[in-house]
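We have chain H already, so just place chain Z on it with the hints.
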Amino acid sequence: MPTPVKFPRLGESVAEGTVAAWLKHEGDYVEKDEALAEVVTDKVNAELPSPVAGRLVKILVPADQTVPVGTAIALIEEEGARAEVAEEARAGQSESGSVAAAQPAPVGEQVTSAAAVQRGTSALSVAAEAVTAEPHDGQQPGERQRISPLARRLAREHGLDLNEIKGTGVGGRVRKEDILAYLEQRQLGAQTVQTPAAAVTAQPKPAPTTVVSTAAGAARGPEPVAVGPDEEVIVPDRMRLAIAEHMVRSKRTAPHATTVVEVDMTAIARWLERNKEEFKRREGYSISYVPFVMKAVCEGIRKVPLINSSWTEENRIVVKKRIHLGVAVATDSGLVVPTIHDADQYTIAGLARRLNEVAQRARSNRLTVQDLQGSTFVVNNPGTFGTILSVPIINQPHAAILSMDAVVKRPVVTEDDAIAIRSMMYLCLSFDHRILDGAGAATFLQAVRAKLQSYGPEIDVY
Amino acid sequence: MTAVTYLEAISQAIREEMRRDESVFLLGEDVATYGGAFKVSAGFLEEFGPERVIDTPMSETAIIGSAVGAALMGMRPIAEMQYIDFITCGFDQIVNMACKMYWRSGIPLPLVIRGPAGGGTHGGPFHSASPEAWFFHTPGIKVVMPATTYDAKGLLKAAIRDNNPVLYLEHKLLYRLPELREELPSEDYIVPLGKAIIRRHGRHMTMLTYGAMVHQCLKAAEQLASEDGLAVEVVDLRSLTPLDRQTIKESVMRTNKVLIVHEDTLTGGVGAELAALLAEELFDYLDGPIMRVAAPDAPYPYAPPLEMAYLPGVERIVAVARQLAAY
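Residue numbers (our numbering), protein chains in the order written: chain H, 1 to 462; chain Z, 1 to 327.
Honestly, I wouldn't trust all of these hints.
Pairwise CB distance ranges, derived in the manner of DEER restraints [to be verified]:
#: 1; chain 1: Z; residue 1: 58; chain 2: H; residue 2: 152; range: 54 to 60 Å
#: 2; chain 1: Z; residue 1: 203; chain 2: H; residue 2: 314; range: 56 to 62 Å
#: 3; chain 1: Z; residue 1: 225; chain 2: H; residue 2: 314; range: 43 to 49 Å
#: 4; chain 1: H; residue 1: 164; chain 2: Z; residue 2: 203; range: 21 to 27 Å
Away from chain Z, derived, C-beta distances all over 12 Å, residues of chain H [to be verified]:
#: 5; residue: 188
#: 6; residue: 229
#: 7; residue: 361
#: 8; residue: 366
#: 9; residue: 461
Calculated from the structure, these hints are not laboratory results.
Idealized CB from N, CA, C, for every residue including glycine.
Extracted from the complex, chain H is given alone in its bound form (with noise of 0.2 Å):
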């Protein structure tokens, strides 16, 4: 049985995608890993990895071809397969087990229905989580939303989200009457007064058979009214509809509390003054602020583990015991968030690298899946342009985000009662309060701190 390949969810809140090329043919071999197609989604452009090795036996879903995440594009007849089935058989088993022991999870991952659970923990590999791709969104199949087949085809139609609507049908379901109901609403909002900002929660997703561009994006929504002679219209792209849409269902979903502590940045700060050139021309890459936070922040959640977990959606709180760091960066098109995963494991400069790599990559849309997958919790760094206090919102379904501002000299008391010019920044921390309470995040933040101050002259980066 040939091995589906589904389009990958590539970022927290994307839920569509389009096969931009195909690289390999129907017929071709390729390995485990070796770039299968390009993919584009209103955040990123990447190239989808093989889920296994083997024949590319049939391509689904044709290139330009727009399809939900999740969706079968292609399938990989594995080598070996029908052998390994014709074994399995004489031997007594099960089709279905030899088709996961054909993609074996990676050492001391966990099965695939906990890793549906725990989506973005990473416990599997990209590899495998795209072969396994969420069926139920994270839901749990009883608790799956009834629509009758017609609902679900409006509201694809007219882009909706059906988590926006409640169904008036036998046990809630979702049937025409609500979603006529629904547009006929949002037609009355939209021609009363401007939307107000609260109604982004029901703006429609992008639609389905568009690729990016904001001509598409025209087609969508309910057309703006009420515009004067000196205003201008902007219809938001794909990219910045779904940061719209992934910035409400966080504040929604999370109640965020925020805390702030404040870091004597001096001794990285000259240190950095000292070594930036000569690192850089050493290692080809440059160092900042950043590696350096990554770092303690690893150390962070050493002392606080629940700060690198998640709230499910049965009121379990699941504590991921690897660390994925997302970087936030912002590219000319949006931000994007790339993960680098097991960031525990990098000394400062491996990070400093890590952190050149994806944001080059990010840049010039060359993310890989991977690069967008699996994050445990987000630094973000407004500090580069310029801010000095930034509350974030919390990149779902993460337990909490930091906030590194700029690193500016201000006057200081120091511990002796003299007055001192330091190179100080602003460390804010929003967290889910549903997940820890203020003495956690605080003592979280004064273990970053720690950390950060902890440095001498003398830096050892590797």
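Quick look at chain Z alone, frame taken from chain H:
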């Protein structure tokens, strides 16, 4: 001009076609001297003579078999089953001979088999059959079932003029029903085979039905309109083969909910095929499950209370329709 019954309309259709075309003739048990068990052919022997109105032995195999032979020779026989239940005795002649003749030899087989079908008349297990599903399933024969007096005449005329075997199922409960009395056009007309008709328009639900159940559905629709404010569309299929897929689908695409009602038993019935067709072709248009009201999978009962419980009636149709509307 006077209003005629459903039975008189059938009688008129045969008489007019026999007058119009000499190759049309009637054969069956007691059709000549007695004028037919239900008096459909009363007076025919006098008008058309014993060569065109033929009393046969009590053998459906012989009746249908000789009709097949006559049709092969260019005649247009109308073979009457005294009760449609007895058609099973001639089953082989229909499904193996009549249905396959044109397929095998390219020779048209203009043959009408007709007879009283359906229950509600305390006829018991041998005089109440709804045999349409057997023939609906069999390629090579058209199956029609009129629900009104106008259609009874028009469909039978169309059947007689058709060059294929046609099974024409008369619902005996409707034969002399006073409310079905109707003034028919004085001029010649037919109701084309393969055309359904919407008996009542509505936007909340489509009832697909045929035969006597059309009237049950119309009553149920009336009740649902007054008590529930539901606008139910009632589609009378009239022809099961050929099936008017277009009318069916257009209606369902408007209403998005379907209730299929037939008097025949549930399993493997016409409703099952309709449901499969809609599920395959209109899945995205369905706002609820395709539901069916039919007789239970049991032989037709004799005892009147059982018969009452067995036949789909207004009460059951209304109950299931409400369930579907709330889905």
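Quick rundown of the hints versus the structure:
1. Z/58 to H/152: 54 to 60 Å: For residue 152 of chain H against residue 58 of chain Z, whose Cβ atoms are near 58 Å apart, the range 54 to 60 Å holds.
2. Z/203 to H/314: 56 to 62 Å: Given about 41 Å between the Cβ atoms, the range is violated.
3. Z/225 to H/314: 43 to 49 Å: 46 Å, holds
4. H/164 to Z/203: 21 to 27 Å: 25 Å, holds
5. 188: The assertion about residue 188 of chain H holds, with a minimum of 22 Å to chain Z.
6. 229: 43 Å, holds
7. 361: 40 Å, holds
8. 366: 38 Å, holds
9. 461: 59 Å, holds
Violated hint for the displayed structure: number 2, the only one.
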